[in-house]
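Asks: Here's the letter readout for the chains.
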Amino acid sequence: MVEQTIIDGNWLPYSFAFLMCLSMLIYGVLDGYDLGVGMLIENANWHEKDRMIASIGPFWDANETWLILGIGLLLVAFPMAHGIILTKLYLPVAVMLFGLIFRGVAFDFRAKVPYQQKWRWNNKFFYGSLLMSLGQGYMLGSYITGFDSSLAGVTFSALIAVVLCSAYCLVGACWLIMKTDNTLQEKSVKWAKYHLVNSVAGLVAIYAVTPLMNKHIFDKLSSFPEAIFYLLIALFTVTLILWLYRLLRKMPMPNDRYCWLPFAITTTIYLFTFIGLAYSFFPYIVPNKMTLLEAAAAPESLIIMLYGALLVLPILIAYTAFAYYIFRGKARDLSYD
Amino acid sequence: MEVDSIILSRIQFAANITFHIMFPSITIALGWILLFFKIRFNMTQDEAWMKAYFFFTKVFALSFSIGVVSGVTMSFQFGTNWPGFMETVGNIAGPLLAYEVLTAFFLEATFLGVMLFGFSRVPGWLHTMATFLVAMGTTASAFWILVLNSWMHTPAGFEMIANVNGLMQAHVTSWWDVVFNPSMPYRLIHMLLASGLTASFLITGLSAYRVLHKDRSDSVIKALKTSIILATILIPLQIYIGHEHGLNTKEYQPAKLAAMDGTWKTQTGAPLVLFGVPNQEHQRNDYAIEILYLSSLIITNRADGEVKGLEEFTEHPPVAPLFYGFRLMVGIGILMIIVSWTGSYYLLRGKKLPKYYLYTLVAMTLSGCLATILGWYVTEIGRQPWLVQGVLTTKEALGSVKSGMVLSTLIVYLSIYTFLTIGYIITLFFMARRAGDGGQRDPEKQVITGGERLATINKTTG
Numbered sequence: 000m001v002e003q004t005i006i007d008g009n010w011l012p013y014s015f016a017f018l019m020c021l022s023m024l025i026y027g028v029l030d031g032y033d034l035g036v037g038m039l040i041e042n043a044n045w046h047e048k049d050r051m052i053a054s055i056g057p058f059w060d061a062n063e064t065w066l067i068l069g070i071g072l073l074l075v076a077f078p079m080a081h082g083i084i085l086t087k088l089y090l091p092v093a094v095m096l097f098g099l100i101f102r103g104v105a106f107d108f109r110a111k112v113p114y115q116q117k118w119r120w121n122n123k124f125f126y127g128s129l130l131m132s133l134g135q136g137y138m139l140g141s142y143i144t145g146f147d148s149s150l151a152g153v154t155f156s157a158l159i160a161v162v163l164c165s166a167y168c169l170v171g172a173c174w175l176i177m178k179t180d181n182t183l184q185e186k187s188v189k190w191a192k193y194h195l196v197n198s199v200a201g202l203v204a205i206y207a208v209t210p211l212m213n214k215h216i217f218d219k220l221s222s223f224p225e226a227i228f229y230l231l232i233a234l235f236t237v238t239l240i241l242w243l244y245r246l247l248r249k250m251p252m253p254n255d256r257y258c259w260l261p262f263a264i265t266t267t268i269y270l271f272t273f274i275g276l277a278y279s280f281f282p283y284i285v286p287n288k289m290t291l292l293e294a295a296a297a298p299e300s301l302i303i304m305l306y307g308a309l310l311v312l313p314i315l316i317a318y319t320a321f322a323y324y325i326f327r328g329k330a331r332d333l334s335y336d
Numbered sequence: 000m001e002v003d004s005i006i007l008s009r010i011q012f013a014a015n016i017t018f019h020i021m022f023p024s025i026t027i028a029l030g031w032i033l034l035f036f037k038i039r040f041n042m043t044q045d046e047a048w049m050k051a052y053f054f055f056t057k058v059f060a061l062s063f064s065i066g067v068v069s070g071v072t073m074s075f076q077f078g079t080n081w082p083g084f085m086e087t088v089g090n091i092a093g094p095l096l097a098y099e100v101l102t103a104f105f106l107e108a109t110f111l112g113v114m115l116f117g118f119s120r121v122p123g124w125l126h127t128m129a130t131f132l133v134a135m136g137t138t139a140s141a142f143w144i145l146v147l148n149s150w151m152h153t154p155a156g157f158e159m160i161a162n163v164n165g166l167m168q169a170h171v172t173s174w175w176d177v178v179f180n181p182s183m184p185y186r187l188i189h190m191l192l193a194s195g196l197t198a199s200f201l202i203t204g205l206s207a208y209r210v211l212h213k214d215r216s217d218s219v220i221k222a223l224k225t226s227i228i229l230a231t232i233l234i235p236l237q238i239y240i241g242h243e244h245g246l247n248t249k250e251y252q253p254a255k256l257a258a259m260d261g262t263w264k265t266q267t268g269a270p271l272v273l274f275g276v277p278n279q280e281h282q283r284n285d286y287a288i289e290i291l292y293l294s295s296l297i298i299t300n301r302a303d304g305e306v307k308g309l310e311e312f313t314e315h316p317p318v319a320p321l322f323y324g325f326r327l328m329v330g331i332g333i334l335m336i337i338v339s340w341t342g343s344y345y346l347l348r349g350k351k352l353p354k355y356y357l358y359t360l361v362a363m364t365l366s367g368c369l370a371t372i373l374g375w376y377v378t379e380i381g382r383q384p385w386l387v388q389g390v391l392t393t394k395e396a397l398g399s400v401k402s403g404m405v406l407s408t409l410i411v412y413l414s415i416y417t418f419l420t421i422g423y424i425i426t427l428f429f430m431a432r433r434a435g436d437g438g439q440r441d442p443e444k445q446v447i448t449g450g451e452r453l454a455t456i457n458k459t460t461g
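These protein sequence lines map, in sequence, to chains Y and B. Take the first sequence: its letter number 80 is residue 79 in numbering that gives the first Met the number 0, and every next letter is one higher. Take the second sequence: its letter number 275 is residue 274 in numbering that gives the first Met the number 0, and every next letter is one higher.
Worth flagging that the hints you see were computed from the coordinates, not collected in a lab. This list has only true hints and no planted wrong ones.
Which chain Y residues stay away from chain B? Per the calculated CB distances, all over 12 Å, these:
#1 LEU150
#2 VAL196
#3 ILE227
#4 ASN287
For lysine-lysine, the following DSS-like pairs were computed, each having C-alpha atoms within a straight-line distance of at most 27 Å:
#5 Y:LYS288 to B:LYS394
#6 Y:LYS111 to B:LYS224
#7 B:LYS264 to B:LYS249
#8 Y:LYS87 to B:LYS394
#9 B:LYS213 to Y:LYS111
#10 B:LYS221 to Y:LYS111
#11 B:LYS401 to Y:LYS87
#12 Y:LYS288 to B:LYS401
Simulated DEER-style distance windows between Cβ atoms:
#13 B:ALA13 to Y:VAL153: 23 to 33 Å
#14 Y:GLY307 to B:ALA287: 48 to 58 Å
#15 Y:ALA233 to B:THR417: 47 to 57 Å
#16 B:ILE290 to Y:PHE321: 53 to 63 Å
#17 B:THR392 to Y:LYS288: 19 to 29 Å
#18 Y:THR267 to B:SER74: 29 to 39 Å
#19 Y:TYR323 to B:ILE38: 24 to 34 Å
#20 B:GLN279 to Y:PHE321: 50 to 60 Å
#21 Y:PHE17 to B:SER74: 19 to 29 Å
Ideal placement from N, C-alpha and C gives every residue a C-beta, glycine not left out.
Based on the sequences and whatever the hints tell you, model everything.
Replies: Take a look at the structure:
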């Protein structure tokens, strides 16, 4: 089968589908944590808000870039699907963008306006993060249902929107466990536990409803050997969730041991959920309507982008890692000098 | 309904791009100016350069983040409102945009973190390096975007092939020709110089404002001088390259040039219309003030050269916006010459800058943004009715979204952009005022002690 794919030249669109999924997954984790932190500040006091935002300060800009890469790859590698998907998602995309605008500018304005007005921009930061997450969740839900705009479809999408917010809060809280200490860290553990329970409840609901909403997925689930694959994914995910919950109950540990572990586990849970989803949709890019191959750009365009991507991605990952290394350890107050 | 949707979508995209372009046109050049401040500090160890650096880093950060979010918005609107664009020319636009994200966007976004918050965490050379990479990133980003935009004006290096559904799609025959399409060098340089002028006048404006608020500290004067000198050098270059760009337009988009000049009839010895009111119905300019032969002289280098008029073209872009937009842009350019050269004259003579001059500078703080926006209006409206000249019309690219939906998002976008533009300007001047209050290096920090500062300096330079 692999040989056949190579002979057909189909490996090129599939490689791009892989790259696109990869950058969306990275986006989900990276911007997920800073969106989560953005939503969690609502529950924090004045000083904690500063500390929490300081923990994401040097990173959020680059995190957001993964969204541009993900959507950019959709746009450049699958131009035919890009138009269809984004036209269908017009409203949630607009909502997400309004959130994105406010969140991005609030981050800078809050540090530069007169001190008395700072709370306003903190608020905008919170609402921006919330809108953006809700928008993305709704987009995801709507995508899963194949852009079903009936009441059932809308309700399902709204449910996913809420679940995604909770999932972002979970990874955000895990990030804070890693990057903060003392009372803020203790608070973060509480947040993580709360949102873990919420996300799991939501996740179960999704697993139950998704096959009903999407016939293609239902067919896959009920056929052999695909069902085994789903079973394995589910098994891994459940194990990880249980492990994370047990771990969180013991947090924070003496000497701050394993403060990075919840973040790592959550990332892995993201990974498995994502693989499950991606596997369900394959080979479609517009659910049940257009396959990856039908939507792909011309091979001569794909190949020149692939060269670029293979050359640049390692460098990019290296300097991203370097930036995380520079700002390692517990978050300190941010200042320019 | 169809018509409504296209007008609303066009207004929405225009609003978005108008709002967006202000910020890159500031940051592209400001990045290099910051690098200059940093290098001057490294060379002289003069604290004043570092103060200038930190103040304008804040301006940079604020402008950058607004630029990023409005840029992301734009890239989504390709899909939500103009799906036909990517469907038809995605094979060309796609890789160019991908290269922008891969080579520029990540670079600037990642090292911006180091540049802004890393001064006390990384060695001095690395901080300088981060500043360089951010400047490099913004410029590389401008390069790719200007390549794509120029290609939309003067497409080259491709062929049209029908896909299985019969949709004609552009396929690349030569990437070299795509990237170095005929108008690219002119447009890119024109934009980079525009950015240089925008950043220069922003710095002079904010610095003059600080001087007027009795802040005559070394850092303010140094920034002021640097930017006046920079503007003095850049403005004649800009006028020259603008002229060359015009000649390039004559070659490839003659209708646009005719509309800019307000030339209705093809004629020899055409006059330059200084001002007038274009009259589409009667194909002439009312109340025109003209200088004889000058238009021919500028365009063809000969007083009796032939200049093509709008009558030659069955379809031409709307005249009024191009005609006025072009005159306003050139008008601002002439003002820039007068102001920057006057400033250099004062500096050369070693004179104190008089009050009226400082007020003029404050008034011209955003003149560069304005001129840039006008210039973009001229070139983009001048391409209509085409989206990609000769390949795809704007109408063909429009998506299927209902006009009511577009109207509601348009209203929200317009209110957000108005709010943010006002907020941005107020905040700029507020930062300038506050920076002058206590003479601290970083106004964002409430208290900074001398010892702490000395320690930082020793650490980074030692």
